[in-house]
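*Asks:* The residues making up each chain are set out below.
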Amino acid sequence: MGINFRQETFRDDYSFKNSPEQIRRFPFPFPEDKYMYSVNIEPHVPGLKDTVFEHLFDVDEHYISEMQDRALVLAEDPLRCQSLPHMELAGWDTLELLMTEKAKSYPDLFTLTRDGDKWHWINRPLGIDDHFTFGDSSTLPYGPLEYITRQSQGDFAVLDQRDNNLWMDAGIVTTQADWSLDFDIGMNFFEWHAPVPLAHQMGVFTRALKFLMALQQGQPSRRHNWTMTINSRLDTSPENFHKWGTDRATVTPENVGQKVHLRVEVQMFFRLPRSNALLFPIRCYLLKMDELVTSPKWARRFHRVLRDLPNELAEYKGLVRYRPTVVEWLSKYDDGAPTSAGLGPD
Amino acid sequence: MTILSRPVYGVLTPQTGKNHLLIADADGASAITDFAKKAPPGFFASAEIMYVAGPDGAKNVDALKALSPARFYLGPSLAAALPRLRQLLGESHMGLRLYVAGTEGLIGQIVQIANEAGIEYTAVQTEHRGSLARRVQCVHCKGITENVTTQPCTCSHCGLLLLVRDHYSRRYAAYQGVCINAEDPTEIPPTEEIFR
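Read top to bottom, the protein sequences are chains A and B.
Number 301 in our numbering belongs to position 301 of the first sequence; there are no gaps in the numbering.
Number 109 in our numbering belongs to position 109 of the second sequence; there are no gaps in the numbering.
The set of hints was computed from the structure by calculation and includes no laboratory data.
Values in this document were obtained by computation on a predicted structure and should not be read as measured data.
Built from N, CA and C at the ideal position, the CB exists for glycine as well.
Among the clues, some could well be false.
To be verified - Listed next, with one range per pair, are the computed distances between beta-carbon atoms:
#: 1; chain 1: A; residue 1: Arg207; chain 2: B; residue 2: Leu163; range: 26 to 34 Å
#: 2; chain 1: B; residue 1: Thr154; chain 2: A; residue 2: Thr246; range: 37 to 45 Å
#: 3; chain 1: A; residue 1: His120; chain 2: B; residue 2: Gly90; range: 31 to 39 Å
#: 4; chain 1: B; residue 1: Gly159; chain 2: A; residue 2: Glu328; range: 34 to 42 Å
#: 5; chain 1: B; residue 1: Val8; chain 2: A; residue 2: Ala341; range: 17 to 25 Å
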């Protein structure tokens, strides 16, 4: 079944929207009517058809437009993609994983042919047809990490494992929820999470680190995170905060449905074979409030989650200014009825 | 509350080694004279002291000279001392021990330069003395503002009003500054002197 790729923007006129099929497969992140931090890690195994977990690396209708937006961000700010010198091998590991999985999951879109270290990669949606030598960066237009992640939705952090810790030593970050790769590169697990409130005292990071360091090759894991975004902007970077921050003051009862988005990150963890590094893809999905309320269950539940969110978390997620307006708008869709178990839209 | 990304500073302690390089600013000089009381006899015969005066000028210079180090350097600023420091670190062998005392800005920059020369930050002895003024990197324009004592502060490069976050990068030797009134640029929060 082919994907109907949308031509759309994540800036300026913000023409992004989800098709009805894409709304149904949105990875709604709340299993109950309230939210608090938890490690919430589960095995990342290929899942149900017509969900974002059908394949290890989901390609959806926004693929081409998201890759165009990434190219624009990188042209403006090349520091969004960095790799410390010792991370080159992990870059090749990443390239191999993404190419083999994409070609396996979507044979009509991607083809990989290998003859020893002579590789041939075809990416039909983006019109790419390249021959290169695996392990030799001079045969690619970019380093291996940048090359393949310019063709893969979501941000990617690559974590080196040493001295009983994980180190943020490479990555490409153009669709982030307010963190700076350029500032955090080279930091260990606790250092780059330093600004997150509450979770440290709860021991969340200590447990998460222990789990991640023990992660085995071939047994990837995933978890959710979420925030909200005003306008369908992918690049909500701290670097550009002074340009997009004013959007948060533009929410009115009339425009909530189109302007306010639930932003879900599906974070995945893969052990890489040669480098022993961890690949940490952070895939972002956006859902307009108008789209969210097409599921009565999601509307009721998200209303309750947002209304009861602790202030510290609302502050950290940057929701304070517009939360009351959105809660009021959502309340019209919450009749107080109980919600069913599970994440699906019903 | 502790800042998890901020380095932990200790108290300078003599290490075994053939060569010792001690670096201090005006605030850190007293840490070196305190350290000298614990150092074994003859320690300073294989030591160099680099004294980086900083904007407030030099003090305690005579006390440091009185330790009779093999070499004593007095420089007006870290920028001026850099070529000498880079050469020393570039020529250093495994036996060199590095000690830094003074303001956080000095320590951070020395650790950064040592790291470029292949010395791990864990191998550098550090002791914080003096002001809590912060080096701040503007996340927007990437420029660094030195000696920040206020919250918020103004970026000395692009002029944005920055919230100084409790988030520190060893690589930049700086705290992160993020525009504090990005949601509404007409809101000007009061400025408080808090990093002293």
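*Asks:* Are the hints correct? Go through all of them and say.
*Replies:* A quick look at each hint next to the structure:
1. Arg207/A / Leu163/B: 26 to 34 Å: 30 Å, holds
2. Thr154/B / Thr246/A: 37 to 45 Å: Taking Cβ atoms as reference, Thr154/B and Thr246/A lie about 19 Å apart, which means the hint is violated.
3. His120/A / Gly90/B: 31 to 39 Å: 45 Å, violated
4. Gly159/B / Glu328/A: 34 to 42 Å: 37 Å, holds
5. Val8/B / Ala341/A: 17 to 25 Å: 46 Å, violated
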